[in-house]
Every structure is written in structure tokens, then in C-alpha cells.
Amino acid sequence: VATDGISLTVVETGDSWFRLYLIPETLGKTNIGLWKTGTIINIETDILAKYVERMLIFGKTGSEDKEQTSGDAGIMAKLAEGGYL
680 VATDGISLTV VETGDSWFRL YLIPETLGKT NIGLWKTGTI INIETDILAK YVERMLIFGK
740 TGSEDKEQTS GDAGIMAKLA EGGYL
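Position 12 of the sequence shown, counted from 1, bears residue number 691 in this note's numbering, the numbering being contiguous throughout.
Certain hints may be false.
[Unchecked claim] Cβ pair distances, simulated, as ranges:
no.: 1; residue 1: 689; residue 2: 734; range: 13 to 23 Å
no.: 2; residue 1: 712; residue 2: 692; range: 20 to 30 Å
no.: 3; residue 1: 720; residue 2: 761; range: 17 to 27 Å
no.: 4; residue 1: 764; residue 2: 692; range: 17 to 27 Å
FYI, nobody ran anything at the bench for these hints, they're computed from the structure. From the three backbone atoms N, C-alpha and C, an ideal C-beta is built for every residue, glycine too.
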């Protein structure tokens, strides 16, 4: 995820929130250290991550008529099937 154009790694998510861990270098080189509760920021998602998610759900062809795989077990099965585990 990118916040105000700063690419960051998400370490935990919920239904309507996400958690980031920041290192001192990131805090020192960006404006994140100035943010306070209520600060309005721009949040961008990674288009590549969306594409990979779609491949995992619908298969390599992207065909939406294929049976969907859902949940962590389904994703793990797809990763194993593709030789990534």
C-alpha cells in the first residue's frame, strides 16, 4: 500500500483498517512523522497485488466462470499448485 505516495508494507489488516510498521529511516525521510489522528492522507493500492489476487481466485486465464477459490486454504492451495510452496 502507498500512503501519500510513500510505499509501505502492511503487516496486519482488519475489515476497515490496516497496520504498518515504520522504521526510523522512513519516519525521517517522509512526512509520516507529522501525521496525527484525523490527518487526511491519500491511500493507494498495489495494482500488481490486485492482479495476482485475481489470478489466484480465477486461475491463470482470468476466466470468471471458473470455480472460485476462497479463504486462506484456497490461496495456499493455489500457491502450492503453482510451485511457490
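Against the structure, the hints:
1. 689 to 734: 13 to 23 Å: Roughly 20 Å apart at Cβ, these two residues keep to the hinted range, so it holds.
2. 712 to 692: 20 to 30 Å: Given range 20 to 30 Å: holds, Cβ gap about 23 Å.
3. 720 to 761: 17 to 27 Å: 35 Å, violated
4. 764 to 692: 17 to 27 Å: Given a distance of about 21 Å, which is inside 17 to 27 Å, the answer is holds.
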